[in-house]
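J.: Sequence:
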Amino acid sequence: MSMFDDPFRSDRRLTAGCVCGRHASQMEHDHAAQVDALQLQQQQVVAPASEDDRYTGVVASAVMRAMFPQDAARRAFLKSVGASTALAALSQFFPLGPAAEVFAQGAGAIEKKSIKVGFIPITCATPIIMAHPMGFYAKHGLDVEVVKTAGWAVIRDKTLNKEYDAAHMLSPMPLAITIGAGAAPIPYTAPAIENINGQAITLSMKHKDKRDPKAWKGFKFAVPFDYSMHNYLLRYYLAEHGLDPDTDVQIRAVPPPEMVANLRADNIDGFLAPDPVNQRAVYDGVGFIHTLSKELWDGHPCCVFAASKEFVTSAPNTYAALLKSIIDATAFATKAENRKQIAEAIAPANYLNQPVTVVEQVLTGTYADGLGNVKKVPDRIAFDPFPWESFAVWILTQMKRWGQIKGEVDYKSVANQVFLATDTAKLMKEVGLTPPTTTTKTFAVMGKTFDPAKPDEYVASFKIKRA
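Residue 1 is where the sequence shown starts when you use my numbering, and the numbers rise one by one after that.
It should be emphasised that the hints constitute simulated quantities derived from the structure, not laboratory data. As the structure is a computational prediction, the values presented were derived from the model and not from experiment. By construction, the Cβ of each residue, glycine as well, lies at the ideal position given by its N, Cα and C atoms. Be aware that one or more of the hints could be misleading.
List time: in silico DSS-like cross-link candidates among lysine-lysine, alpha-carbon distance up to 27 Å [claimed, not checked]:
(1) 139 - 309
(2) 412 - 465
(3) 406 - 335
(4) 426 - 412
(5) 139 - 162
(6) 309 - 412
(7) 441 - 426
(8) 412 - 376
(9) 441 - 463
(10) 148 - 309
(11) 162 - 116
(12) 113 - 406
(13) 294 - 206
(14) 376 - 294
(15) 139 - 465
(16) 217 - 162
The calculated label-pair distances, taken between Cβ atoms and stated as ranges, are [to be verified]:
(17) 336 - 413: 33 to 41 Å
(18) 139 - 372: 21 to 29 Å
(19) 266 - 241: 17 to 25 Å
(20) 467 - 368: 23 to 31 Å
(21) 220 - 314: 38 to 46 Å
(22) 184 - 133: 35 to 43 Å
(23) 154 - 410: 26 to 34 Å
(24) 368 - 220: 20 to 28 Å
(25) 408 - 206: 42 to 50 Å
(26) 208 - 160: 14 to 22 Å
(27) 376 - 266: 39 to 47 Å
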């Protein structure tokens, strides 16, 4: 019998030999089994609906083995009282729930249940944030404090000095930390993508008649951080329209919560920002959405769940529970029918501090663009936790292109080390998601195909670059 078989089914055996344990051979048992068959058809048997139920079944099976060493006695007991009554009676005398929890953890007990995870108040952090009020961390045995943080440099520093156990980061950040771009290298990991798409180029209302990027020479733009998809996508977009992002415009790093105020104060002409910043600019009447980032690259990564290699290796079970919590929350967020509920959960002041209407417009994809139009783009922001290694390779090519990396780059090795696709694939299956069968793929950015197997050729193909 499998350890996951139901011990409350009288047609299953828990011991060796024939089913009931009273016959010398299975052949001798067959006649008696025919009599049992009629009774068994009347039994209501329900398969475990969840992994928790499977673990409870394992524990119950062990208890039943101890109480009824002979299958004949167990079968007689079940037939006399029924499976439901048997389970209820057993539960009164033996704590199946706590025992199942211990079994589930097994030798892999969570090393540190109380942990801190930093986040920036943007919808990119949706799975990390919602896992707190909606109970996903608690479900996986963790007591997590999600800490709202002012900016990316702060979140990086607090994670590096271990004030935070893990954090919401921009997808290029763990790569930059690992290779030592601008600082000493520290091995970091990005085992889950927080969101795909979810960004936009927003311009000041005074520029509503300047929709051609060629007219943006001299503009001042904001991005959240130098090591961000926002910076690389804005640079890519400008360069494809013939503007050198280092000489024809100014690009400065501004924390997302401060972007709308800077646009209102006329300190900047626009930004490529994460949501809900773009929608808040529309809501406040100070900006309009020029284009969604998905129109540059549909399905691009934005933010990630990140943790140091030290945390992953020193507390592997805590790490696994944390990652599983976030992937579980991501699975919930993938369903359109859950988006309004999520918006209500993450809009309050201790999380995004935004009107629910603003967050809903982002998450549902039905939104005002600031130019008098209401658009419907269901995947304006989407959620897919799989950390494609080819995402990491593309990011590294842009770091190389714009001079953030000096010298040779082992693209494949770094991508494999930081974007932990294997870990994620395993846990995706456990929460009902279907992971890809490979870790790399090709994709197109503004119509140009990227082959992750040829990163150097890709960098060399651009006219405007620093490399």
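J.: If a hint holds in the structure, say so; if it doesn't, say that too.
T.: Each hint tested on the structure:
1. 139 - 309: Answer holds: residue 139 to residue 309 is near 25 Å, not above 27 Å.
2. 412 - 465: 22 Å, holds
3. 406 - 335: Since the Cα atoms of residue 406 and residue 335 sit roughly 42 Å apart, the hinted pair is violated (cutoff 27 Å).
4. 426 - 412: The hint holds at about 21 Å.
5. 139 - 162: Distance ~25 Å between residue 139 and residue 162 Cα, so the pair holds.
6. 309 - 412: 18 Å, holds
7. 441 - 426: Cα-Cα ~19 Å, so holds.
8. 412 - 376: 38 Å, violated
9. 441 - 463: Roughly 25 Å between the alpha carbons, so the hint for residue 441 and residue 463 holds.
10. 148 - 309: 23 Å, holds
11. 162 - 116: With Cα atoms ~9 Å apart, residue 162 and residue 116 stay inside 27 Å; holds.
12. 113 - 406: 40 Å, violated
13. 294 - 206: Measuring from Cα to Cα gives roughly 24 Å; hence the hint holds.
14. 376 - 294: 13 Å, holds
15. 139 - 465: This hinted pair is violated, its Cα atoms lying about 48 Å apart.
16. 217 - 162: 42 Å, violated
17. 336 - 413: 33 to 41 Å: Check passed, 38 Å falls within 33 to 41 Å.
18. 139 - 372: 21 to 29 Å: Cβ of residue 139 to Cβ of residue 372: about 44 Å, so the range 21 to 29 Å is violated.
19. 266 - 241: 17 to 25 Å: 23 Å, holds
20. 467 - 368: 23 to 31 Å: Given about 40 Å between the Cβ atoms, the range is violated.
21. 220 - 314: 38 to 46 Å: 44 Å, holds
22. 184 - 133: 35 to 43 Å: 37 Å, holds
23. 154 - 410: 26 to 34 Å: 30 Å, holds
24. 368 - 220: 20 to 28 Å: 25 Å, holds
25. 408 - 206: 42 to 50 Å: At roughly 45 Å between Cβ atoms, residue 206 and residue 408 fall inside 42 to 50 Å, so the hint holds.
26. 208 - 160: 14 to 22 Å: 42 Å, violated
27. 376 - 266: 39 to 47 Å: 32 Å, violated
The structure fails hints 3, 8, 12, 15, 16, 18, 20, 26 and 27 (numbered hints given earlier, in ascending order).
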